[in-house]
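Engineer: Residues per chain are reported as follows:
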Amino acid sequence: MRYKLRISKELFSNVQSRWIQPFGLLLLLLIILILLFPSTAIISDPYKIDLKHRLLPPGGEFPLGTDSLGRCLFSRTIVGGRITVTSGFFATSLGAFIGTVVALISLRAPSLVKEPLMIITDSWLAFPDLLLILVLTLILGNSILGAILSIALSVWPWWTRFVRNLLIVAYAQEYVIASRTAGISGFRLFKSYILPQIMPPIGSAFFIRSARSVVLFGGIGFLGLGVQPPTPEWGAMIKDAIPLIPVAPWVIVGPAIGFMGTVTLFQWAAISMRNLANYRNYSFL
Amino acid sequence: MIILMKLLTVEDLDISITLSLPGRKILNRQITRGISFSLEPGQILGVLGESGSGKTLIALTLTGLLGKGVNIHRGVVWFNGNKVDLVKSFHRLSSFRGRGIFLLPQSPAGALHPYRSIKSQFQEINRNIAPEALIEIVGIPGTYASKVPSRFSGGMQKRIMLAMAIATRPLLLIADEPTEGLDPVTKWEMLRVLQNLMRSNNTAVLFITHDIESLAAMEQLVGIDHFKVALFHHGVMDIRSSIRELKGLIEINHTKLGSSFSDNEAQTTEPKLCKLLEVVSIEKTYPETSKVLNGISFILEEGKHGGIIGKSGAGKTTLLKCIAGVEPFSKGSIKWQGKNFNPFPYRFKGEVQLLWQDPYVSLNPYIPAKDIIIEPLGNNKDAKHKLYKITEIVGLEEDSLHKYPWELSGGQCQRVALARALIRTPRLLLLDEPFSGLYPPDRHKLAQILRKFCLDEGITLLVASHNFTIVEALTDWVWVIEKGKVVDQGKPKNVFLNPSHPETTSLVKAAQNFLNLFG
Amino acid sequence: MKMSIARFIYARLLRVLLVVFSVTLSCIVIVTLLPGDPGELALREASEAVSEEKIREIRQLFGLEFPVFTRSLHWIKNILVLDFGDSYRTGEPVLKEIGSRLPSTMKLAFGTLLWVIPCSLFGAWGSVKSKTIRRIISSISLLGLVVPDYILGILLLFLVSFALKGLEKVVPFLPYLVLGLPIAAFYLYVTYTIITQALNSDYIRFAYAKGLSEWAIFLRHVFPSILPPLLALWAMSLGRLLSGAVVVETVFGLPGLGRLFVEAVFSRDYPVIEAVVLWSGWVFALLISITDAFLYYFNPDLMRSHF
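Protein chains in written order, with numbering that gives the first Met the number 0: chain C, 0 to 284; chain A, 0 to 518; chain F, 0 to 306.
If you are wondering where the hints come from, they were derived from the structure by calculation, not from laboratory data.
Note that this is a predicted model, so its numbers are computed, not measured.
Hints should not be assumed to be uniformly reliable.
[What the hints assert, rightly or not] Restraint ranges, calculated between C-beta atoms of paired labels, are given here:
| id | chain 1 | residue 1 | chain 2 | residue 2 | range |
| --- | --- | --- | --- | --- | --- |
| 1 | C | G58 | F | L142 | 25 to 33 Å |
| 2 | C | F186 | A | P327 | 20 to 28 Å |
| 3 | F | A5 | A | G222 | 23 to 31 Å |
| 4 | A | S119 | C | L144 | 52 to 60 Å |
| 5 | F | L142 | A | K383 | 51 to 59 Å |
| 6 | A | N379 | C | Y46 | 52 to 60 Å |
| 7 | F | L32 | A | N339 | 52 to 60 Å |
| 8 | F | W214 | C | I256 | 55 to 63 Å |
Positions of the beta carbon are idealized from the N, C-alpha and C atoms, including for glycine.
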């Protein structure tokens, strides 16, 4: 019997649905953040100081209570989250992106470009963090954007080294060699052959480093550096909340849960990368 | 009491596999319909079947190595007195692995660890044996024990795996295509080693294959008392006690070498004297092994297909890889269409295609077969149409197209790889053991179809194979290689009927010995 | 890519030297970019009166009046005879300053990785095999990720010294724990993913078919395949740790390179800064070269990787 072959353009082949889970989680996270942009989720103005309502416990108009200046903690948590989480996330993303691009160039470029590039990368990598970030912050300014850029630019050589090793292993696979003989090259090769191999490790590393980046930003805020009040930021909020624990223990809840929740979400995303990696699903393992 | 004497009894085994197709369709295909068979110690059961029929799944079931998507509906296995109900306690089979049951998988390159030395891979199994002695038994020099498997040819890797099997002294050896892709001389050696193992250790062998010749040889070697053969077709096993009884059921090609296919000569193409490929004195040494190519020279003309014959390990695969641009060579040169050209690395860009010996390792495990095949076309609007045409030629069924390479049988993988190589109609197609995974009756058909296709599309073939009937069917000129040098050449008919060089003679004699088994 | 071993080593060495060279050169340039004058800061430190001419005097003393180019040349010349100069801040020879901190830093660095690497490897392997182990380990590593190291350090010290008396024996181990926990948490997840990927290969199935124990399969089959990316990560972590860990050193009062470096940066102590950067450059360059070489030794097939 002859069948009429129909190559449908459906997206739900096995591979693609495997990609949905980890990126689905990420998407969820981003959606949560994007929902915050139109300030509909914010009940009251996070900046409004209302000394009559200071240190109110959760309830009614203020779902998480108010802080020592009468500002709604719920709104501050959400807005602060937007700042803390997106800063951390985008700093890592940018760094990972630059690092991966450089890794690719370092493998495919002619020798004249490759060698100096790797030497620059290694030198950048060897530079102690403190000095690097200090100098970068000087050049790029003290704003949130400056902070994000500084972190990204201090972190990219790490990604280059990591991704480079992954790429070397990926290109050495026998089936990659076979397909190159068949005439497949360039971007197509990268998309179908290399990417599925390098995505799981890069993905899990990326999510965990994003989580740490978020915590790092929080840490900077905790120390009183970085974003200045009245802009809400989780780290700074925790710092303010600690002395208030005996008096108003609910103040710390918002940002604390924020941190834990974000890190847990990133952790889930990192673990779910194994669905991408596990294409054969052996049951005897 | 009778059951206790038998080493292995499989009762009412019912397996099916579940396929998920695009469009969320689920397809359930029955693999075996309640088959039963048994084996006594020192006995061999040959399981003969078409590629894709599910023979390998039986092997995997018995070792407990099944993946997702395979469902066992019923089945009981008795091994060495232990009863295992496959539905309830499937995992119990894992305790027999390596201790009583040994599996020889079909794909050698995928089975041996690529970077660890052979010695260490042996010593994992059994610290007390000397790997050097064992690999000598299978015909590989003992000094190779410290080398790394990735440097060896497919045939050598298969032999190493057989040596590993011997090292464990198994009660039951499940061999999945153990002689696939071996030259006739090596095949005889392997089969004798197997027979020796059966005799000295009373090992029972489950010989799963589509190579009727090997089974016939085994029948002769072990004697009819210890021999059984089953034809596995459409999920049912038809067990007989001799190959002869199968004559009516399947075609057996027992033509004599050198006698067939005079239509080769009938197809006088216009004398195209375009020198497509000229190989001049190529030498190549792999760092870990000795010189693989030792000054090979030949000329391939466009339109005249060439064949390369030689024992396993002679350098055929390496030669093809050098021509295709996959490996660099240290000395010599290659001329493409008259001009000096170094194809390394990958500079042919699809004009010259190479079909790998082991199809499993050459296919991307992340994408389904149909994507693999149409990939070389890029974003061609014609892709659908070409895919249809090619899969017809190559003989691939539709549901194979949606499967991933690791879900396909060896033969199906070979067809997929062939389809991928053909879809861009290259000028030169290099085939490394192209039909070794296919059922013999299919081979001949495919060879004819391929020849016609190449004639129509203007593709020149260079085939490296051990199957001399195929070489005869496909090629116009044959080169014989021994230890990296061309030692003999000529028209296939002449080479096979009147071999002049001792190497050729031994190969041809061994091949003829196989064919005589049916005569 | 056929290189004889000699050429290979030669190329590596050259690369190491070039990296070190560029690191230190850029350091010298960058350091001058920092605002704040070492002379002025030194005076303030010594609580002396600050005046224009005094600053200039000190600058002359430090040799800062020369342009960057000349200073670089001096620096290189001096290094070749292992003269790193004296610290602006303390006046002690830089070599002595750094030398006194090195043992502690190296102990910390190697000690941390000594437990982090095996822990993450076996933890990841266990997580792959069993869901329960994965859950347990995830919860522990959550702790390592959420809490920044200084808070964790202070918290633990607080707990041990005040709340849970009798656990004093634990205190010397705490710095390694605090330093290593976030690193271990990270490695755990990445190793977990990489192991899962490696287990999908054919030869793993054959290894199971041979009847090998889980242990043997992990050590001999899985481990060599997962090395390449992990080796790079471990090398980079080691390099980072060997350049100092200021937070842990501060919390636990350890004399390490991190604290020295921070103090040097804040007081614009150029010789110390440059020397530490030089040290860091060497460490990284050597580590990367060694791990690259190891890569190819373990997996000779990688040499045929072409792009």
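Engineer: Compare the structure with each hint and give your call.
Structural biologist: Cross-check of the supplied hints:
Between G58 (chain C) and L142 (chain F) the beta carbons are some 31 Å apart, a value that agrees with the proposed interval 25 to 33 Å. One distance hint, 20 to 28 Å for the beta-carbon pair F186 (chain C) and P327 (chain A), holds here, with the actual separation near 26 Å. Between A5 (chain F) and G222 (chain A) the CB atoms are about 60 Å apart, so this pair departs from the stated range of 23 to 31 Å. Checked against the hint of 52 to 60 Å, the pair S119 (chain A) and L144 (chain C) passes, with Cβ atoms roughly 54 Å apart.
The given range of 51 to 59 Å is respected by L142 (chain F) and K383 (chain A), whose C-beta atoms sit roughly 55 Å from each other. Between N379 (chain A) and Y46 (chain C) the CB atoms are about 59 Å apart, so this pair conforms to the stated range of 52 to 60 Å. Our hint of 52 to 60 Å for L32 (chain F) and N339 (chain A) holds, since their Cβ atoms are close to 55 Å apart. A hinted range of 55 to 63 Å for the beta carbons of W214 (chain F) and I256 (chain C) is inconsistent with their spacing of about 41 Å.
Going through the hint list in order, the structure does not satisfy hints 3, 8.
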